[in-house]
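Visitor: Sequence:
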Amino acid sequence: MNKKLIWKRLLIGCAWVISLGGLVVLMSFIETKKAGVKCTAVNVSIPGGQYFIDKQEVDHIIEVTSHSLVGRPIENINIQELEDKLKANPFIEFAKVYTEMDGVLRVEVSQRQPILRVMNRYDMDFYVDQHGLKIPLSSNFTARVLVANGFIDELFTNRVDSLHTRLAKDLFKAADYIRRDSLWDAQIAQMYVNNDREIELIPRVGNQRILIGNADSLNVKLNNLQAFYKQVLPKVGWDTYKMINVKYTNQVIGIKNENIKADSVKAAKAAKEDSLRTKRDTSQIKL
Numbered sequence: 000m001n002k003k004l005i006w007k008r009l010l011i012g013c014a015w016v017i018s019l020g021g022l023v024v025l026m027s028f029i030e031t032k033k034a035g036v037k038c039t040a041v042n043v044s045i046p047g048g049q050y051f052i053d054k055q056e057v058d059h060i061i062e063v064t065s066h067s068l069v070g071r072p073i074e075n076i077n078i079q080e081l082e083d084k085l086k087a088n089p090f091i092e093f094a095k096v097y098t099e100m101d102g103v104l105r106v107e108v109s110q111r112q113p114i115l116r117v118m119n120r121y122d123m124d125f126y127v128d129q130h131g132l133k134i135p136l137s138s139n140f141t142a143r144v145l146v147a148n149g150f151i152d153e154l155f156t157n158r159v160d161s162l163h164t165r166l167a168k169d170l171f172k173a174a175d176y177i178r179r180d181s182l183w184d185a186q187i188a189q190m191y192v193n194n195d196r197e198i199e200l201i202p203r204v205g206n207q208r209i210l211i212g213n214a215d216s217l218n219v220k221l222n223n224l225q226a227f228y229k230q231v232l233p234k235v236g237w238d239t240y241k242m243i244n245v246k247y248t249n250q251v252i253g254i255k256n257e258n259i260k261a262d263s264v265k266a267a268k269a270a271k272e273d274s275l276r277t278k279r280d281t282s283q284i285k286l
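With numbering that gives the first Met the number 0, the residue at position 60 of the sequence shown is 59, and numbering never jumps.
Some clues are possibly wrong.
[What the hints assert, rightly or not] Restricting the straight-line Cα-Cα distance to at most 30 Å, the calculated cross-link-like pairs of lysine-lysine (BS3-like) are:
#	residue 1	residue 2
1	Lys95	Lys37
2	Lys229	Lys95
3	Lys229	Lys241
4	Lys86	Lys54
[Stated by the list, open to error] Here are the computed distance ranges between Cβ atoms for each label pair:
#	residue 1	residue 2	range
5	Ser137	Thr39	29 to 35 Å
6	Asp83	Asn42	18 to 24 Å
7	Asn206	Val69	44 to 50 Å
8	Arg105	Met242	19 to 25 Å
9	Val103	Arg165	23 to 29 Å
10	Asn218	Ser137	31 to 37 Å
11	Gln55	Gly35	45 to 51 Å
12	Val69	Tyr121	29 to 35 Å
13	Glu74	Asn218	20 to 26 Å
14	Phe140	Gly70	29 to 35 Å
15	Thr156	Asn77	28 to 34 Å
Calculated from the structure, these hints are not laboratory results.
Predicted, not measured: the structure shown is a model, and the values here were computed from it.
We put the beta carbon where it would ideally sit given N, CA and C, even for glycine.
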C-alpha cells in the first residue's frame with residue numbers, strides 16, 4: 000500500500016515537472032517568435048459614444064501619426080509608457096495597451112462620463128464625472144448635462160481632482176440622483192446655490208424654484224414634491240407659487256407668487272368697476 004502511494008506521488012510529481020517544462024518551452028518559443036515581430040498596425044477601440052476623445056486624439060497621444068510605432072519591433076515598444084501617456088489625459092478614465100501575435104498593437108480607451116457642469120462664483124467652469132471627480136471643459140465637445148451655478152466656492156485647478164467642499168459633494172449627489180430618475184431627469188433643468196448656500200432646483204415646466212437645501216433624504220424630499228405636483232398644482236395653477244420648499248422632510252411649503260396676487264387683485268378690482276359702471280349705465284337708461 001505504501002509502495003503504491005509512493006509511485007502515485009512520483010507520477011504526479013513527474014507530470015507536474017513535464018507540464019512546467021512544456022510551459023517554459025512554449026513561453027520561450029513565444030518570446031523568440033515575438034522578438035522577430037514588428038508592429039504592423041495600431042487598432043484603437045473606444046467603447047460607447049466618442050465625446051471628448053476620438054481615434055485621432057488617441058493616435059496623437061501615442062504618436063501614431065508620426066509613424067514611430069508601425070514598423071518598430073514589438074519588443075522595443077514600451078507598453079507601460081503608452082498606457083501612462085493615455086492615462087495622463089484628463090478625459091481618459093481607463094487605458095489598456097497590448098500586442099497580438101500578428102504584430103497588431105491594440106489600444107482600448109474608456110473616457111470619463113460627466114454628469115454635472117459647475118460654474119462657481121469665481122468664474123471657474125468645470126465638469127464633475129460619474130465618480131465625483133472634477134475634470135476640465137473640452138474644446139471638442141460640450142456635454143449636455145445638468146448645470147449648477149450661483150454661490151459655489153469649490154475651486155478648480157484645471158486637473159482631475161476630487162470634490163473638497165460639502166456643498167459641491169451635495170451638488171454631485173443631487174445630480175447623480177436626478178440623472179438616474181427618468182421623471183426628474185426630464186423635469187429639472189438646472190441647480191442654483193443661493194446666498195444661504197442652499198440648493199435650489201429650477202424645473203423645465205413652471206416658473207417656481209424648488210428649495211431642497213442639501214442632498215440629505217433626497218428620495219423623501221422629491222417624493223413629497225411629486226405628490227405636491229400631482230395634488231396641488233393642477234388645482235391652483237403651475238405659476239401660483241414662486242418657491243416650493245421641500246428641504247424639511249415632513250412638509251412642503253409653497254410661497255405664492257406676488258405677481259399672481261397682484262394680478263388677482265387687479266382683476267377683482269376691474270371686475271368690480273365694470274359691475275359698478277354697468278349699474279350706473281343702467282340707471283341712466285331708466286332715467
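Visitor: Each hint should be assessed against the structure and marked as holding or not.
Guide: Hint by hint, here is what the structure shows:
For the suggested pair Lys95 and Lys37, the alpha carbons sit about 19 Å apart, so the restraint of at most 30 Å is met. With a C-alpha separation of about 50 Å, the suggested pair Lys229 and Lys95 falls outside the 30 Å cut-off, and the hint is violated. Taking the CA atoms of Lys229 and Lys241, the gap is about 17 Å. The hint holds against a cut of 30 Å. Of the supplied pair hints, the one linking Lys86 and Lys54 holds, its CA atoms being roughly 15 Å apart against a limit of 30 Å.
Restraint check, Ser137 to Thr39: a C-beta distance of roughly 32 Å satisfies the suggested window 29 to 35 Å. Separated by about 20 Å at the C-beta atoms, Asp83 and Asn42 satisfy the suggested range of 18 to 24 Å. Distance hint check for Asn206 and Val69: the Cβ-Cβ separation is about 60 Å, which falls outside the suggested range of 44 to 50 Å. Judged by the Cβ atoms, the range 19 to 25 Å given for Arg105 and Met242 is violated: they are separated by roughly 55 Å.
A C-beta distance of roughly 49 Å is found between Val103 and Arg165, which places it outside the suggested range of 23 to 29 Å. Taking 31 to 37 Å as the suggested C-beta distance range, the pair Asn218 and Ser137 conforms, at roughly 33 Å. Taking the beta carbon of each, Gln55 and Gly35 are about 31 Å apart, not inside 45 to 51 Å as hinted. Under the hint 29 to 35 Å, the C-beta atoms of Val69 and Tyr121, about 46 Å apart, miss the expected range.
Against the hinted window of 20 to 26 Å, the Cβ-Cβ separation of Glu74 and Asn218 comes to about 56 Å, which falls outside the hint. A beta carbon spacing of about 33 Å between Phe140 and Gly70 agrees with the range 29 to 35 Å that was offered as a hint. Separated by about 29 Å at the C-beta atoms, Thr156 and Asn77 satisfy the suggested range of 28 to 34 Å.
In terms of the numbered hints stated before, the structure departs from hints 2, 7, 8, 9, 11, 12, 13, listed from lowest to highest.
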